[in-house]
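Asks: Each chain, written out:
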Amino acid sequence: MSGPCFTLAQLAEKFDLKIMGDADTKIIGVATLATAGKNQIGFLANSLYKKQLSQTKAEALILREADAELTTIPCLIAKDPYVAFAKISALFEIKSLATPGIHPSAVIDSSASVDPTASIGPFVSIGASSRIEANAVIGAGCVIGEHCHVGANSELVARVTLVTRVQIGQRVLIHPGAVLGAEGFGLAMEAGQWLKVPQLGGVIIGDGCEIGANTTIDRGALGDTVLAEDVRLDNQIQIGHNVQIGAHTAIAGAVAVAGSSKIGSYCLIGGAAGIVGHIEICDKVRINAFSLVTHSITEPGEYTSGTPLQESREWRKNAARFKHLDEMARKIKGNNPKED
Amino acid sequence: MSGPCFTLAQLAEKFDLKIMGDADTKIIGVATLATAGKNQIGFLANSLYKKQLSQTKAEALILREADAELTTIPCLIAKDPYVAFAKISALFEIKSLATPGIHPSAVIDSSASVDPTASIGPFVSIGASSRIEANAVIGAGCVIGEHCHVGANSELVARVTLVTRVQIGQRVLIHPGAVLGAEGFGLAMEAGQWLKVPQLGGVIIGDGCEIGANTTIDRGALGDTVLAEDVRLDNQIQIGHNVQIGAHTAIAGAVAVAGSSKIGSYCLIGGAAGIVGHIEICDKVRINAFSLVTHSITEPGEYTSGTPLQESREWRKNAARFKHLDEMARKIKGNNPKED
Amino acid sequence: MSGPCFTLAQLAEKFDLKIMGDADTKIIGVATLATAGKNQIGFLANSLYKKQLSQTKAEALILREADAELTTIPCLIAKDPYVAFAKISALFEIKSLATPGIHPSAVIDSSASVDPTASIGPFVSIGASSRIEANAVIGAGCVIGEHCHVGANSELVARVTLVTRVQIGQRVLIHPGAVLGAEGFGLAMEAGQWLKVPQLGGVIIGDGCEIGANTTIDRGALGDTVLAEDVRLDNQIQIGHNVQIGAHTAIAGAVAVAGSSKIGSYCLIGGAAGIVGHIEICDKVRINAFSLVTHSITEPGEYTSGTPLQESREWRKNAARFKHLDEMARKIKGNNPKED
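In order, the protein sequence lines correspond to chains A, B and C. Heads up, the first sequence is in the numbering used here, so the first residue is 1 and it goes up one at a time. Heads up, the second sequence is in the numbering used here, so the first residue is 1001 and it goes up one at a time. Heads up, the third sequence is in the numbering used here, so the first residue is 2001 and it goes up one at a time.
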């Protein structure tokens, strides 16, 4: 009942923000503009929600200086309101601490090592030659195979699998159902039968990465599949063998990245996008949702493929024409197919 | 060997159907038109399969009145043959009943409560302050975190994870590998590093919902991610934080719905479709398979995006032209780019 | 430290290859052209990597006869360098052998049978009437339901679920998180509510198949979902109920196949492609990545849908025109809409 409580003055000082209005306003929680009530602070970061400003019942707001004139509610002025909100929000997060020690049901190979400050949950198994470092949390039902390493302060929430040769850095967070280090999809056709190509490499996950629920990252065929530091993967992403992802790149849910492709740093990949194999994407590229990248990208910028959504009746007529687009182009006077 | 047996007369009475032909015809099982044999009843619901009617060896058929003249086999006449088939089919389903009680291997926090009629399978863990109601079934290997609630008569088949603050209604069915209540993908960029936005909300699943295998539903950042009653999700679907889905909406496999979007009631979302974040889709919208919804939809109807499949040689020529479509349009006399 | 070591002469004899250069060259490992070093053999199969040939520090190479003139490094000449590489690579794979026997934590129904040579890992549960054959490996955390069968020499790596009525052939490899035999997505609408259609069938997986991590294969509604022999599925694939897949077909990651569709033999389905329900694809069809198959395909060949990736600014202009493509076509003199 008696959770944390802060005045605007305290929050402003803590996070170096400017106050407008009553500095003694008490805040006991965070909320959206639409749902905020007594003693809750709301925020305006996405201009889509500006129209909710006049209706909000928030006790206080976090917003940009330019938006402050839109309201008479007490405000914290932030250069980046979303960042300020994230930090203030964290003050109200209740996290139960994992208990150090190994649950009696866990099965740990005699050649594995577990730091005494680490927490190993029920029904966890840890294979030969694997190491769990200080303060790491291995939640219920995780399976850690052989030759794996989980760095200090990393957390595998629950039911995560590290198959083999998976190196997890420090402060990495892996959500339930993720599978790292499964054999990549390497096949050669011989005499009408598929022959399996051994997958001798591993997976390396840099410090501070986050891996979403049910995301899969295959181990390398030769060499490793590598995520640099602070890479953020959402849920249900598929990362093929020997993919490399640069630092601070964020990938939204349901994206598929085929084998041996290389994605730069500070890239943003939209949801359900696809990236074919054996290509390179340079730093600071943004791929929009549901787009397919079929060739290397050497210039930073924003890229898209696909067609707009239409009512199906309209769409069908246009889609039928797409099948004859080349023909259409040839019929247009002055349009030279050789130009393309 | 001696399973259930019904005459057409019994089935007709039970489900209020009309009989054509011998009412004493004995039925001991259901099958497709193509595979049905002695004492099996087949059905014709999808007109694609009408051509199989002349070849079928079914002992009896379920079909629409209008199709009855196409056959001399004894029939049950139904307004909706698929519904009638579903009900008759259920008579032949063998379900093993879960045994009430807690498997000795399960690990249950002392502050959690489990109804004595509930069934808790092997290797299940249940966290602090969680409650499992009457007749609920928690299958092998499920992980239930803190502050979760599973309503009466709901079933988590096996290896389901409820991370934290997940409220499951009554008669909900969740298939293996599903992960509900993982932290949403909330990130803010500060000084070149990603800052995690706390995910303080939960997940609420209405009565009678179904959640497919390996589907993921993230918990809300502020407020909850909500599925109303009777929502049906197929496998491998990704539902972002704070999404709201209206009653009776059905979503096919591999769909991705980005955060904070709102889908109406009685919508049908085709397989592998995508829905971007922060939009609204009104009731009774049908999105075709593999289409991307990039803006709010305010009119019921059917919507599509994408292009038709072609032989790659043809496709390549047309796709190359797509890259110059605006230029083409400008060359056409009378076509004013300002119009668009 | 002292792993396997072979001379080129030994490798050439073992795999029937031709040698160019010093036959006594010693090989202690395999690597890519870019990373190979002392006593490691590299390979050139994909011409994309030909440019790395001049820089490689590999001790020896596997390549096609036609490429041999590009290097002075000792070579093994192979008709298919990737096949030769796969076989040589396997000589250097370290696999830990599973120990026969049942881990004491496993929970096995009294009516299930487990061959004494099979290996059952920790936290495995096996349901009524299921059978595990000789030398099969059931890894940690797998859940096997009722009436399942795992053939000889098959391996379920870890955390695999076979729900019910799943028949796995011999030498099948299933990666973590895969779910086979969950109820298909069968729904009928009655009086504004969804009615569940019972899923009475099972799943049959042929000999030598491979199923990727977090892939889902639903059981049939009536009859079974069937994969013929040597079918290879990558990660995160969704296979709907009653799908049939022909022998030697390979499907890349994140593909979705809707219910009751039939895919031929020797097909290659690219990553994140989609296949709608109730259609047939003949043998030897190649579907490119991210393409949607909306109708049956009766001719072998390569097929694609979608549009090329462009800078978003360019893409937006072209995409806007796509919405009026039919209108454009009608404006072009001599273009008759009836033709399409």
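I should point out that these hints are in silico values taken from the structure, not numbers from a laboratory. Just to be clear, a hint being listed does not mean it is correct.
[What the hints assert, rightly or not] Simulated crosslink set (DSSO-like; lysine-lysine; CA at most 30 angstroms straight-line):
| id | chain 1 | residue 1 | chain 2 | residue 2 |
| --- | --- | --- | --- | --- |
| 1 | A | LYS51 | A | LYS38 |
| 2 | A | LYS323 | C | LYS2262 |
| 3 | C | LYS2262 | A | LYS317 |
| 4 | B | LYS1262 | A | LYS87 |
| 5 | A | LYS196 | C | LYS2317 |
| 6 | B | LYS1014 | A | LYS323 |
| 7 | B | LYS1317 | C | LYS2284 |
| 8 | A | LYS331 | A | LYS79 |
| 9 | A | LYS284 | A | LYS331 |
| 10 | C | LYS2095 | A | LYS262 |
| 11 | C | LYS2196 | B | LYS1087 |
| 12 | B | LYS1323 | B | LYS1050 |
| 13 | C | LYS2026 | A | LYS196 |
| 14 | B | LYS1051 | B | LYS1095 |
| 15 | B | LYS1323 | C | LYS2317 |
| 16 | C | LYS2079 | A | LYS196 |
| 17 | B | LYS1057 | A | LYS262 |
| 18 | C | LYS2087 | A | LYS262 |
| 19 | A | LYS284 | B | LYS1331 |
| 20 | B | LYS1079 | C | LYS2196 |
| 21 | B | LYS1317 | C | LYS2050 |
| 22 | B | LYS1026 | B | LYS1087 |
| 23 | B | LYS1050 | A | LYS331 |
| 24 | B | LYS1057 | C | LYS2050 |
| 25 | A | LYS284 | C | LYS2050 |
| 26 | C | LYS2057 | C | LYS2038 |
| 27 | A | LYS262 | C | LYS2038 |
| 28 | B | LYS1196 | B | LYS1284 |
| 29 | B | LYS1262 | C | LYS2196 |
| 30 | C | LYS2331 | B | LYS1095 |
| 31 | C | LYS2087 | B | LYS1051 |
| 32 | A | LYS284 | C | LYS2051 |
| 33 | C | LYS2323 | A | LYS323 |
| 34 | C | LYS2050 | C | LYS2026 |
| 35 | B | LYS1317 | C | LYS2095 |
| 36 | A | LYS38 | A | LYS57 |
| 37 | A | LYS317 | B | LYS1317 |
| 38 | C | LYS2050 | B | LYS1050 |
| 39 | B | LYS1087 | C | LYS2323 |
Everything numeric in this text was worked out from a predicted model, so none of it was measured.
Asks: For every hint, state whether the structure bears it out.
Replies: Hint by hint, here is what the structure shows:
1. A:LYS51 - A:LYS38: holds (20 angstroms)
2. A:LYS323 - C:LYS2262: holds (25 angstroms)
3. C:LYS2262 - A:LYS317: Distance of about 28 angstroms is within 30 angstroms: holds.
4. B:LYS1262 - A:LYS87: holds (27 angstroms)
5. A:LYS196 - C:LYS2317: Distance ~45 angstroms between LYS196 of chain A and LYS2317 of chain C Cα, so the pair is violated.
6. B:LYS1014 - A:LYS323: Distance of about 52 angstroms is beyond 30 angstroms: violated.
7. B:LYS1317 - C:LYS2284: holds (23 angstroms)
8. A:LYS331 - A:LYS79: Roughly 54 angstroms between the alpha carbons, so the hint for LYS331 of chain A and LYS79 of chain A is violated.
9. A:LYS284 - A:LYS331: Measuring from Cα to Cα gives roughly 40 angstroms; hence the hint is violated.
10. C:LYS2095 - A:LYS262: holds (29 angstroms)
11. C:LYS2196 - B:LYS1087: holds (9 angstroms)
12. B:LYS1323 - B:LYS1050: Violated, because 43 angstroms separates the two Cα atoms, which is more than 30 angstroms.
13. C:LYS2026 - A:LYS196: Since the Cα atoms of LYS2026 of chain C and LYS196 of chain A sit roughly 24 angstroms apart, the hinted pair holds (cutoff 30 angstroms).
14. B:LYS1051 - B:LYS1095: violated (33 angstroms)
15. B:LYS1323 - C:LYS2317: holds (9 angstroms)
16. C:LYS2079 - A:LYS196: Holds, at about 18 angstroms.
17. B:LYS1057 - A:LYS262: It is violated: about 56 angstroms lies between the C-alpha atoms, which goes past 30 angstroms.
18. C:LYS2087 - A:LYS262: holds (27 angstroms)
19. A:LYS284 - B:LYS1331: violated (35 angstroms)
20. B:LYS1079 - C:LYS2196: holds (18 angstroms)
21. B:LYS1317 - C:LYS2050: holds (28 angstroms)
22. B:LYS1026 - B:LYS1087: The given pair, whose Cα atoms are some 17 angstroms apart, holds under the 30 angstroms limit.
23. B:LYS1050 - A:LYS331: Measuring from Cα to Cα gives roughly 43 angstroms; hence the hint is violated.
24. B:LYS1057 - C:LYS2050: violated (60 angstroms)
25. A:LYS284 - C:LYS2050: Cα-Cα ~28 angstroms, so holds.
26. C:LYS2057 - C:LYS2038: holds (7 angstroms)
27. A:LYS262 - C:LYS2038: holds (26 angstroms)
28. B:LYS1196 - B:LYS1284: violated (36 angstroms)
29. B:LYS1262 - C:LYS2196: Holds, at roughly 25 angstroms.
30. C:LYS2331 - B:LYS1095: Violated - the C-alpha atoms of LYS1095 of chain B and LYS2331 of chain C are around 62 angstroms apart, more than 30 angstroms.
31. C:LYS2087 - B:LYS1051: violated (49 angstroms)
32. A:LYS284 - C:LYS2051: Status holds; Cα separation ~27 angstroms.
33. C:LYS2323 - A:LYS323: holds (14 angstroms)
34. C:LYS2050 - C:LYS2026: holds (24 angstroms)
35. B:LYS1317 - C:LYS2095: violated (48 angstroms)
36. A:LYS38 - A:LYS57: holds (7 angstroms)
37. A:LYS317 - B:LYS1317: This hinted pair holds, its Cα atoms lying about 19 angstroms apart.
38. C:LYS2050 - B:LYS1050: Distance of about 55 angstroms is beyond 30 angstroms: violated.
39. B:LYS1087 - C:LYS2323: violated (44 angstroms)
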